[in-house]
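Undergrad: Residue numbers (my numbering), protein chains in the order written: chain A, 3 to 377; chain B, 3 to 377.
No lab work stands behind these hints, which were simulated from the structure alone.
Hints should not be assumed to be uniformly reliable.
You can't tell identical chains apart in this list, so a pair holds if it fits in one copy or across any two.
[Claimed, not checked] Derived EDC-like pairs (lysine to aspartate or glutamate); straight-line CA-CA distance at most 20 Å: (1) Lys323 to Asp32; (2) Lys29 to Glu222; (3) Lys323 to Glu312; (4) Lys29 to Glu196; (5) Lys365 to Asp250; (6) Lys281 to Glu147; (7) Lys314 to Asp92; (8) Lys88 to Glu363.
Number of protein chains: 2
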Amino acid sequence: MSINGTKNDENKTPPHIIDGLDDFNKKIGDKVVNCLTGMRPSGRLHLGHYKGALENWIAMQNNPNIKNNFLIADYQVLGDHLGDTKRLRDSVIDMVIDWLAVGLDPKKSNFIVQSYVPEFAELFNLLTMFAPYSVATNNPTLKDEIKKVEGRKDGSNNSISLGFINYPVSQVADIMLPRGEIVPVGEDQVPHIELARKIIKKVNTMYETSFPLPKALISETPRLVGTDGNDKMSKSLGNTIYLTASLDEIKKGVNSMYTDPNKTSISSPGNIENHVVFKYLDIFYQDKEHLEDLKKRYIAGGENSVGDGEIKKLLIEVLEKLIAPIREKREYYKQNMDLVIESIEKGSQNMREEGQKLLEELKEKMGITKYGREF
Amino acid sequence: MSINGTKNDENKTPPHIIDGLDDFNKKIGDKVVNCLTGMRPSGRLHLGHYKGALENWIAMQNNPNIKNNFLIADYQVLGDHLGDTKRLRDSVIDMVIDWLAVGLDPKKSNFIVQSYVPEFAELFNLLTMFAPYSVATNNPTLKDEIKKVEGRKDGSNNSISLGFINYPVSQVADIMLPRGEIVPVGEDQVPHIELARKIIKKVNTMYETSFPLPKALISETPRLVGTDGNDKMSKSLGNTIYLTASLDEIKKGVNSMYTDPNKTSISSPGNIENHVVFKYLDIFYQDKEHLEDLKKRYIAGGENSVGDGEIKKLLIEVLEKLIAPIREKREYYKQNMDLVIESIEKGSQNMREEGQKLLEELKEKMGITKYGREF
């Protein structure tokens with residue numbers, strides 16, 4: 003992904019933005035850095051999550067220069083789905099099982115539950131003193147999200163909570179507590195990283211600390227459309243294929259995909275512009291030569307053309323090949339819940355210990371500790 | 003103090019407002035209740051603090067039906083004096099020494115340092131999810147305080163921090179963590195108690211908890227004017243008499259008091275309307291009969307009149323009698339810092355243990371704990 007089209011022009015890329023893992027290796031790859039990333043617990047994950055995040059996370063996990071912290075941001079769900087306890091509990095566990103199933107490894111990376119680590123709240127509380135109120139009132143991302151929540155039709159939360167307003171600063175605490183140096187984000191999230199840099203810099207300047215200023219790691223992640231062709235793949239739109247779908251579910255998903263309604267027979271010429279099956283093959287099918295050949299024949303029509311049936315069958319095979327082992331591992335972890343529980347409890351405990359060290363350091367510098375004692 | 007002049011009409015006093023300690027004994031005095039009150043660490047205390055709060059606190063401490071929690075609200079100072087570490091550290095210790103010197107007893111009451119108890123931050127963080135954003139935007143007290151901070155001339159903080167905006171909800175956490183049932187406040191602070199009730203009620207309703215809804219305890223506290231007659235006694239106005247003033251400082255304070263400039267000799271008639279010395283005697287001098295006689299003679303003038311010199315001398319004696327033992331105890335604690343340190347460390351530790359129990363209870367009800375386990 004390029005920032006303002008400057009991918010190949012290093013001079014124009016702001017120094018706090020790293021353009022993909024290759025750029026990371028070039029710029030930072032000679033030391034071990036802490037990485038913080040995470041997800042809202044959204045339940046079972048789908049192919050969009052895989053392509054948009056998990057595949058990258060696995061690459062980061064395989065990079066010996068990155069110490070990964072994967073956050074399960076359950077507080078963020080409370081902020082706008084308060085009261086829906088069952089949904090939250092199921093969402094957390096379903097998501098963690100999927101993390102394990104795709105190969106994220108709690109021995110190599112910390113799986114951290116936000117609410118298990120009160121140190122996040124304590125650091126957040128301190129950082130609110132450094133953050134100007136205008137963070138809430140002027141933040142464009144927040145303004146958009148406020149509009150979304152207020153417009154939500156299901157009545158789950160018609161009014162904005164104070165917690166929702168605090169969310170950008172809460173994210174700064176999420177990054178700072180593990181001394182995060184890189185944060186993989188989408189381009190639209192760069193302002194959050196810039197806010198984190200601004201606040202942490204203020205702390206460093208005011209109290210002579212040297213907490214790292216995070217850099218945004220922007221990786222090339224193709225945006226997967228929904229099975230219906232909608233720009234966004236989302237559970238609520240019913241246009242997802244789960245990362246642990248059964249073969250039947252894969253078939254159902256692929257067979258419902260938008261193709262070219264004007265290609266009425268195999269031999270009629272076709273249009274692939276909004277053709278969802280081809281869009282998926284572009285992303286998931288490795289044999290690019292074969293794919294190009296299929297496209298040409300699909301477009302041309304005639305005797306050697308291919309129909310939707312054939313390419314759908316191909317996509318089903320491709321997806322089944324990707325998903326089958328993940329599905330199997332999901333079943334394994336569902337039968338071994340102790341491993342799932344251990345993964346989040348161990349990672350969270352690690353974070354607590356690191357977090358306490360950071361807070362001790364910060365509070366000593368700020369002087370809000372050991373009143374009446376010299377230190 | 004009466005609320006809307008309804009002191010003697012119980013039907014008209016809202017049930018969440020208790021009108022002084024007598025009313026407390028009548029309404030609640032048959033069980034032990036938790037009380038939360040506190041101060042911003044403002045350094046050495048003055049007579050205004052004594053009459054406005056401490057005298058009441060001592061009465062509460064002597065009431066076997068009240069379990070007192072006295073909070074040292076150091077986070078609140080960070081909110082608008084960030085960076086002034088030395089001032090904060092000195093302020094905390096000077097204030098605690100004065101608490102001890104007037105007879106507050108850490109064996110009977112918890113002295114709690116806000117920043118020593120991360121459970122406050124954790125609870126606060128949770129409560130922000132329950133609090134509507136409008137708490138910040140519509141709160142009249144907050145609006146006033148924002149104006150004050152923005153108008154401050156010393157440049158100590160020209161912009162409002164997010165922490166400042168969060169302050170009313172942070173106070174709700176301060177009350178809820180010790181399961182505070184009564185909170186001594188001035189009449190202008192009643193909206194804060196009402197906010198606490200609203201938020202805690204929402205928690206109770208949503209998650210079937212039964213955390214107590216706090217009641218405001220409004221006690222009759224005379225407002226002490228400054229030595230210059232200014233409505234407010236305040237360090238920054240230089241019109242205070244410290245609770246541990248030396249005899250010389252008492253003399254200097256009393257001798258600088260505004261009297262009647264038109265009473266040019268002892269025998270000329272006088273006016274006591276804005277007479278600061280008489281205002282102080284009204285509050286501190288027990289012999290009301292003698293005081294009335296002095297006032298009459300001061301006003302009348304003539305042969306039997308009294309002059310400013312005589313009544314100033316009387317006030318100096320009265321204040322010295324009050325202050326001398328406090329001053330002595332202050333010296334004692336300054337020589338025994340370990341007792342001061344122990345008082346805040348023990349009280350804060352007690353609060354941590356109680357707070358952890360409350361958080362465990364709340365998080366279990368909210369379901370944000372032990373994911374994957376049954377409980």
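Undergrad: Determine which of the earlier numbered hints do not hold for this structure and return their numbers in increasing order.
TA: 1, 5, 6, 7
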